[in-house]
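Number of protein chains: 2
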Amino acid sequence: MQLSSLLPHSAPNSAALKQDFHDRLVQQVIPFWEKHSPDHKHGGYFNCLDRDGKVFDTRKHIWLQGRQVWMFSKLYNTLEARPSWLNMAQLGADFLVRHAMREDGRVYFSLTEDGKPLSLQRKIFSECFWIMAMAEYSRAIADPSYMERARAAFARVWQWSKDLTQVGRIPFSGEPPSQGLAIPMILLNLIEELAGDDWKIYESEVNECIERMLKHVHTDTQCVYELIGPKGERLPGYEGRTLNPGHAIEAGWFLQHWALRLGRQELSDIAVNMVRWSFDRGWDGEYGGLFYFLDAEGYSPTALEWDMKLWWPHCEAMYAHLLNYRLRGEAQDWERFERTYQWTMEHFPDSEYGEWYGYLNRRGEVTHRFKGGPYKGCFHVPRALWLCHRIL
Amino acid sequence: MQLSSLLPHSAPNSAALKQDFHDRLVQQVIPFWEKHSPDHKHGGYFNCLDRDGKVFDTRKHIWLQGRQVWMFSKLYNTLEARPSWLNMAQLGADFLVRHAMREDGRVYFSLTEDGKPLSLQRKIFSECFWIMAMAEYSRAIADPSYMERARAAFARVWQWSKDLTQVGRIPFSGEPPSQGLAIPMILLNLIEELAGDDWKIYESEVNECIERMLKHVHTDTQCVYELIGPKGERLPGYEGRTLNPGHAIEAGWFLQHWALRLGRQELSDIAVNMVRWSFDRGWDGEYGGLFYFLDAEGYSPTALEWDMKLWWPHCEAMYAHLLNYRLRGEAQDWERFERTYQWTMEHFPDSEYGEWYGYLNRRGEVTHRFKGGPYKGCFHVPRALWLCHRIL
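First to last, the protein sequences are chains A and B. With our numbering, the residue at position 69 of the first sequence is 95, and numbering never jumps. With our numbering, the residue at position 387 of the second sequence is 413, and numbering never jumps.
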């Protein structure tokens with residue numbers, strides 16, 4: 027599927043904007059990771075990188091290793107077949123294959139620099155990013171054996187996703203049954219990456235993910251709740267009121283891609299609203315930027331970092347608004363895009379050392395100078411720049 | 027042991043200051059919890075309380091249930107034998123006995139309002155605060171059976187503390203052996219609370235806790251490291267560089283109490299330094315107040331909330347400086363006390379609804395309006411006010 031062919035409206039000043047995203051991606055962001063992240067001794071990437079690229083911790087976080095393999099493979103496959111990008115992808119893919127997966131298929135959360143296990147989550151996301159890496163890398167080197175591994179791993183993860191006791195999450199008797207937005211949204215995006223044009227083999231899984239995601243979208247309150255009951259019902263207490271605007275916006279464009287592919291207009295409408303509602307509610311009218319967490323009923327969120335401005339919600343919003351605009355041509359989405367683009371480009375990029383800062387306080391001041399940390403790697407920034415470039 | 031008798035220097039304006047702490051405790055803080063926290067239907071306390079005391083979540087966090095039982099028992103035992111304070115203690119103690127402990131002695135981290143299990147940590151702190159509650163409540167009602175339970179539970183916790191695999195923390199092969207400051211410091215304080223004047227029965231445990239704590243105190247760098255190797259050696263990476271000034275200050279006064287009790291001057295000197303070094307390094311020269319986390323070598327801490335100003339480090343510092351001053355009579359500690367007292371009283375108390383805010387940003391602006399949350403309850407504020415009052 028060529029996504030652009032399904033997007034009828036062209037953006038104002040499209041060529042210059044396209045060039046801007048390209049240059050930021052290829053000149054300011056990717057070189058930072060090419061220069062500072064490779065571990066040529068043990069393989070894989072250093073992902074804890076200070077402002078100037080200095081390694082401040084050698085542990086390797088598997089979410090980020092997998093995502094970086096995916097990113098370099100994707101750029102090689104779609105932007106430019108640079109051998110150096112393929113080499114970067116190979117460095118990480120080999121490390122992942124050699125060290126990240128246990129015999130039972132569980133994937134560690136973090137490893138030592140030489141690949142010894144450090145931690146394992148009772149979640150399935152390390153597995154998801156391992157699969158995403160293998161799928162795109164398989165295309166890059168045209169070796170179907172990697173795709174076979176990815177699909178076999180996906181079959182296991184799919185089963186686990188429906189019964190998390192298999193990854194060690196044993197619910198206590200007082201816990202109401204609940205489901206998080208993260209699992210169906212990540213799986214839906216993973217299937218897009220894994221299946222490519224063969225998506226019909228995953229048709230039932232796609233429909234199940236969509237159905238699960240839609241339960242989080244409540245039209246009456248115009249909220250996308252992070253955590254709901256099995257039928258979509260609201261849960262009591264602060265967990266049931268938690269909103270994560272960046273997450274909901276990302277889920278919105280994941281869903282929109284499938285709405286377009288499936289030709290489902292009603293789904294496309296919902297996806298547009300998920301982005302608009304979550305952005306409008308999450309935008310800080312006083313200082314600009316998107317809050318990290320909100321409480322749907324206006325209490326203080328319990329997360330200490332709720333009012334911080336993180337790089338990734340801004341990345342997701344930039345692309346989601348551009349996608350909405352290319353799809354609908356409505357001025358309101360262009361305004362949201364421009365507002366996001368401006369605030370983002372004023373606050374996050376580091377013109378001196380490259381890449382972007384990840385963590386700002388509510389006022390938009392940098393609180394953490396590092397470019398790579400336990401949850402920030404070569405992913406959201408280059409993915410957003412690449413996605414925006416691709417649909418322009 | 028009467029602590030005050032071991033403190034030779036009297037504070038300037040001592041009577042007025044003593045009255046100030048008393049009034050804050052008895053008029054502004056304790057009434058908030060008396061009015062808003064009791065759950066007369068199911069027992070125990072609501073501990074998620076909004077600015078005005080409204081319950082914003084009904085779950086019951088056991089750290090906070092235990093600490094509140096301890097606090098009301100302590101006030102009843104030492105400040106004033108008000109029957110209403112004993113009733114408050116009983117409400118929580120009965121709930122803890124009825125619901126918080128599993129058959130194997132593990133204590134849940136949180137329960138539903140009617141006492142069903144919600145979560146369990148792979149840590150021993152819920153157990154510690156359960157024990158602390160039972161010990162002080164036993165004195166309040168003069169019923170030794172509660173003390174017997176507390177001491178039996180302590181014997182189990184002591185064993186677990188030396189082998190955390192027994193509470194489910196199975197180390198991975200790449201993990202270097204490490205130990206956190208939290209365990210020996212909490213156990214040392216717990217023994218003070220549990221043993222009272224009978225502390226000789228715990229003499230070997232006390233000495234072991236002290237020995238373990240001292241490994242965290244590195245004179246060469248004037249740092250108290252949160253995480254170290256088994257011999258006190260520095261650990262690599264950001265975990266090995268993590269400083270938590272409030273924690274180290276609290277550990278300092280825990281240690282000072284034992285140095286005084288044991289008559290060990292060299293230990294007293296170390297305890298004084300732990301407080302001074304950690305405070306001087308942790309104080310924000312630009313906006314005032316104590317940072318939550320620091321990196322010992324100046325990197326950005328990975329914790330998103332590192333630059334926030336939390337209520338409890340300020341509570342600990344206020345008491346620790348006052349203790350140092352009463353002990354040594356040095357102007358430098360009085361200056362630290364006054365600086366802490368002023369910043370604290372300007373920023374944390376809520377004169378309208380009572381109690382204190384818990385979470386401020388670096389500038390000292392309130393970021394979370396609630397008075398009670400998953401980790402803030404009826405404990406650090408009233409304990410510090412009571413401790414300061416007691417030594418004046």
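Derived by calculation from the structure, the hints in this document are not laboratory data. Careful: at least some of the hints might be erroneous.
[Claimed, not checked] Selected chain B positions facing chain A (Cβ under 10 angstroms, derived; list incomplete):
#1 146
#2 198
#3 263
#4 265
#5 329
#6 385
#7 390
#8 392
#9 393
By construction, the Cβ of each residue, glycine as well, lies at the ideal position given by its N, Cα and C atoms.
Here's how the hints hold up against the structure:
Because the smallest distance between the Cβ of residue 146 of chain B and any Cβ of chain A comes to about 7 angstroms, under 10 angstroms, the interface hint for this residue holds. With 10 angstroms as the threshold, the beta carbon of residue 198 of chain B comes within range of chain A, its nearest partner Cβ sitting at about 4 angstroms, so the hint holds. About 4 angstroms separates the beta-carbon of residue 263 of chain B from the nearest beta-carbon of chain A, less than 10 angstroms, and the hint is met. At a threshold of 10 angstroms, the smallest CB-CB gap from residue 265 of chain B to chain A is about 8 angstroms, leaving the interface hint in force.
The closest approach between the C-beta of residue 329 of chain B and any C-beta of chain A is roughly 9 angstroms, which is under the 10 angstroms cut-off, so the hint is satisfied. Look at residue 385 of chain B: its Cβ gets to within about 6 angstroms of chain A, closer than 10 angstroms, so that hint holds up. With its C-beta approaching chain A no nearer than about 13 angstroms, residue 390 of chain B sits outside the 10 angstroms limit, and its interface hint is violated. Against a cut-off of 10 angstroms between C-beta atoms, the interface hint on residue 392 of chain B holds, since the closest Cβ of chain A lies about 9 angstroms away.
Annotation: interface hint on residue 393 of chain B holds; nearest CB of chain A at approximately 6 angstroms, less than 10 angstroms.
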